[in-house]
Amino acid sequence: SQQGEEDPQALSIQEGENATMNCSYKTSINNLQWYRQNSGRGLVHLILIRSNEREKHSGRLRVTLDTSKKSSSLLITASRAADTASYFCATDPGGYQKVTFGIGTKLQVIP
Amino acid sequence: KAGVTQTPRYLIKTRGQQVTLSCSPISGHRSVSWYQQTPGQGLQFLFEYFSETQRNKGNFPGRFSGRQFSNSRSEMNVSTLELGDSALYLCASSLDRTVSYEQYFGPGTRLTVT
Numbered sequence: 122s123q124q125g126e127e128d129p130q131a132l133s134i135q136e137g138e139n140a141t142m143n144c145s146y147k148t149s150i151n152n153l154q155w156y157r158q159n160s161g162r163g164l165v166h167l168i169l170i171r172s173n174e175r176e177k178h179s180g181r182l183r184v185t186l187d188t189s190k191k192s193s194s195l196l197i198t199a200s201r202a203a204d205t206a207s208y209f210c211a212t213d214p215g216g217y218q219k220v221t222f223g224i225g226t227k228l229q230v231i232p
Numbered sequence: 040k041a042g043v044t045q046t047p048r049y050l051i052k053t054r055g056q057q058v059t060l061s062c063s064p065i066s067g068h069r070s071v072s073w074y075q076q077t078p079g080q081g082l083q084f085l086f087e088y089f090s091e092t093q094r095n096k097g098n099f100p101g102r103f104s105g106r107q108f109s110n111s112r113s114e115m116n117v118s119t120l121e122l123g124d125s126a127l128y129l130c131a132s133s134l135d136r137t138v139s140y141e142q143y144f145g146p147g148t149r150l151t152v153t
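Read top to bottom, the protein sequences are chains A and B.
Just so we're aligned: 173 in our numbering is position 52 of the first sequence, and the numbers increase by one with no gaps anywhere.
Just so we're aligned: 128 in our numbering is position 89 of the second sequence, and the numbers increase by one with no gaps anywhere.
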């Protein structure tokens, strides 16, 4: 079963708007990561947030983590057509335990 | 620095056959993980290797196996292929995933079983 579950599963917005994706997970984590995947190709690492952090920024990306609610959100500001992709959260419990990916949010940015 | 490479990129096999997929990690990376991606199940963890040792294994049948060589290159093998094995197989490398966490993914091998 998936550890992380993204919400919504699909999102369509106009270029310039903000996009928010949410991820919920079930067990304790060491860190949570967000990845992007274009058209069934390899995943690209976007941002990592550790369990003792609440918010992190990278360019137009903002990630929040609420360990009490076991949830994270990814905000993409001022979206561009090139942001069209699937976005996945991945939870890492730490140590030798496996990283688990959510089912992803498919984002479409309309020019 | 060259990225993670996977060969072959596309593969068509028949039920009952076996297949071997290869992954070359980024130079200096010692952790290699394999994932199976399907539309219905998303990304499912297969195995993780570090310095030729399997660190963890996902919930897949014994038909799925893997190994890592001394140069960190990794292979995975699927025997007695089934239609349900059709998927994108992704390999990811990192310096040491338990320390640096971030994984770098290859482009994947698209396996179609007919």
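Because the hints were derived from the structure by calculation, they are not lab data.
Fair warning: there could be bad hints in the mix.
[To be verified] What follows is a set of in silico ranges between Cβ atoms, one per label pair, in the way DEER data are often shown: (1) Asn143(A) / Pro146(B): 20 to 30 Å; (2) Ser118(B) / Pro129(A): 31 to 41 Å; (3) Ser149(A) / Asn98(B): 44 to 54 Å; (4) Thr141(A) / Gly79(B): 19 to 29 Å; (5) Leu134(B) / Gly180(A): 19 to 29 Å; (6) Asn173(A) / Leu134(B): 17 to 27 Å.
[Said to hold, decoys possible] Stretch by stretch, here's where chain A covers chain B in the computed footprint (C-beta under 8 Å, at least three residues): (7) 93-106; (8) 128-137; (9) 142-153.
No residue lacks a Cβ here, since even glycine has one placed at the ideal position from N, Cα and C.
For each hint, the structure was consulted:
1. A hinted range of 20 to 30 Å for the beta carbons of asparagine 143(A) and proline 146(B) is consistent with their spacing of about 28 Å.
2. Between serine 118(B) and proline 129(A) the C-beta distance comes to about 39 Å, which sits within the given range of 31 to 41 Å.
3. The hinted window of 44 to 54 Å between serine 149(A) and asparagine 98(B) is violated, with their beta carbons roughly 20 Å apart.
4. As the Cβ distance of threonine 141(A) to glycine 79(B) is approximately 26 Å, the hint placing it in 19 to 29 Å holds.
5. Remark: the range hint 19 to 29 Å for leucine 134(B) to glycine 180(A) is upheld by a beta-carbon distance near 23 Å.
6. Asparagine 173(A) and leucine 134(B) have their C-beta atoms about 22 Å apart, which keeps the hinted 17 to 27 Å range intact.
7. Counting residues of the segment 93-106 of chain B whose beta-carbon sits less than 8 Å from any beta-carbon of chain A gives 3, enough to reach three: the coverage restraint holds.
8. A stretch counts as covered by a chain when three or more of its residues have a beta carbon under 8 Å from one of that chain; for the segment 128-137 of chain B and chain A the count is 4, and the coverage holds.
9. Proximity of the segment 142-153 of chain B to chain A, defined as three or more residues with a beta carbon under 8 Å from a beta carbon of that chain, is established by the 7 residues found.
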